[in-house]
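Those sequence lines, one after another, are chains A and B. Residues 42 to 162 (our numbering) make up the first sequence, in order. Residues 42 to 162 (our numbering) make up the second sequence, in order.
Don't take every hint at face value.
Repeated chains share a single entry, so a pair holds when one copy, or any two copies, can fit it.
Computed cross-link-like contacts, SDA-like style, restricted to lysine to any residue with a CA-CA straight-line distance of at most 20 angstroms [what the hints assert, rightly or not]:
1) Lys54 x Glu126
2) Lys80 x Val102
3) Lys51 x Asp129
4) Lys97 x Pro87
5) Lys44 x Asp105
6) Lys51 x Glu125
7) Lys59 x Trp109
8) Lys54 x Glu124
9) Lys59 x Thr43
10) Lys44 x Arg111
11) Lys51 x Glu126
Because the hints were derived from the structure by calculation, they are not lab data. Computed from a prediction, not measured in an experiment: that's the story for all the values here.
Each chain, letter by letter, is given below.
Number of protein chains: 2
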Amino acid sequence: MTKQVIFVRKDLKMKKGKMTAQGSHSSLGVFLQMMNNGKSLREEMPEIVNGSYSLKLDVTVGSDLDNWLRGVFRKITLAVNSEEELMDIYYHRREDLRLKEQDGRSPASRWGMNRPFSMFF
Amino acid sequence: MTKQVIFVRKDLKMKKGKMTAQGSHSSLGVFLQMMNNGKSLREEMPEIVNGSYSLKLDVTVGSDLDNWLRGVFRKITLAVNSEEELMDIYYHRREDLRLKEQDGRSPASRWGMNRPFSMFF
Numbered sequence: 042m043t044k045q046v047i048f049v050r051k052d053l054k055m056k057k058g059k060m061t062a063q064g065s066h067s068s069l070g071v072f073l074q075m076m077n078n079g080k081s082l083r084e085e086m087p088e089i090v091n092g093s094y095s096l097k098l099d100v101t102v103g104s105d106l107d108n109w110l111r112g113v114f115r116k117i118t119l120a121v122n123s124e125e126e127l128m129d130i131y132y133h134r135r136e137d138l139r140l141k142e143q144d145g146r147s148p149a150s151r152w153g154m155n156r157p158f159s160m161f162f
Numbered sequence: 042m043t044k045q046v047i048f049v050r051k052d053l054k055m056k057k058g059k060m061t062a063q064g065s066h067s068s069l070g071v072f073l074q075m076m077n078n079g080k081s082l083r084e085e086m087p088e089i090v091n092g093s094y095s096l097k098l099d100v101t102v103g104s105d106l107d108n109w110l111r112g113v114f115r116k117i118t119l120a121v122n123s124e125e126e127l128m129d130i131y132y133h134r135r136e137d138l139r140l141k142e143q144d145g146r147s148p149a150s151r152w153g154m155n156r157p158f159s160m161f162f
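Generate the whole structure from the sequences, applying the supplied hints.
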């Protein structure tokens, strides 16, 4: 079953509120990127027409993404122990993931050294 | 400055991982609803054309939403003490909020009795 996994660095010892806000940041961030050609709005802006722009996500009926959005919308939080572990997952493990984008990689949100990131399994 | 506020029930004594996943659920949930006429995909489906559907969000340049999306994308977590407090904020305080939708209420995500919810201030 497709789920969004939020990876959090345990070594940063974030408090609950901080972790929740940061985890949400990554959960929503990956979604916004999927609506903007895999780029953040700071990296690339959609076309502005008559003073507004559109973020859009096309979903194929029956796809993993569709099942997730219309299903239980499951999210889980996993802890990693260090920045190195986080980087390893981000750079080397994404190829194993089930929900692929067209370039063969799973969507994953922008992340910083001390930010959680999220991706879909 | 516009921010997304995630309200979490303290009395449920959720652990960090659970709170992070549930908070993300509400953070992303409100966004998905904004892309679907304020409804969840279970309540109402967009039109399906050639086996797919689109979720779309129109953003006015310079609006609170635009500033938030392109700015610091700030999120904060606030604790409430009980289901009653959560319901009070959800039903009675939304009119005070800065980021209004066309119906005059601030977007807020679907919520359950034991779910956090999020909205924009």
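Consistency of the hints with the structure:
In this assembly of identical chains, Lys54 and Glu126 lie within 20 angstroms of each other by CA distance solely inside one copy; the values are 15 angstroms within and 29 angstroms between copies. In this assembly of identical chains, the alpha carbons of Lys80 and Val102 lie at most 20 angstroms apart only when taken from different copies (18 angstroms versus 24 angstroms within one copy). Taking the closest pair of Cα atoms, Lys51 and Asp129 come within 20 angstroms of each other only inside a single copy of the chain (15 angstroms); across copies the shortest separation is 34 angstroms, beyond that limit. When the C-alpha separation of Lys97 and Pro87 is checked against a cutoff of 20 angstroms, the pair qualifies both within a copy, at 10 angstroms, and between copies, at 13 angstroms.
For the homomeric pair Lys44 and Asp105, the shortest alpha-carbon distance inside one copy (9 angstroms) is at most 20 angstroms, but the shortest distance between copies (31 angstroms) is not. With identical chains, the CA atoms of Lys51 and Glu125 are at most 20 angstroms apart within one copy only, with a shortest distance of 12 angstroms there and 33 angstroms across copies. Within a single copy, Lys59 and Trp109 get their C-alpha atoms only as close as 26 angstroms, which misses the 20 angstroms cut-off; across copies the closest is 18 angstroms, which meets it. In this assembly of identical chains, Lys54 and Glu124 lie within 20 angstroms of each other by CA distance solely inside one copy; the values are 13 angstroms within and 28 angstroms between copies.
In this homomeric assembly, Lys59 and Thr43 come within 20 angstroms of each other (Cα to Cα) only across copies, at 18 angstroms, whereas the closest approach inside a single copy is 26 angstroms. Taking the shortest Cα distances, Lys44 and Arg111 sit within 20 angstroms of each other inside one copy (12 angstroms), while across copies they are farther apart (27 angstroms). With identical chains, the CA atoms of Lys51 and Glu126 are at most 20 angstroms apart within one copy only, with a shortest distance of 11 angstroms there and 31 angstroms across copies.
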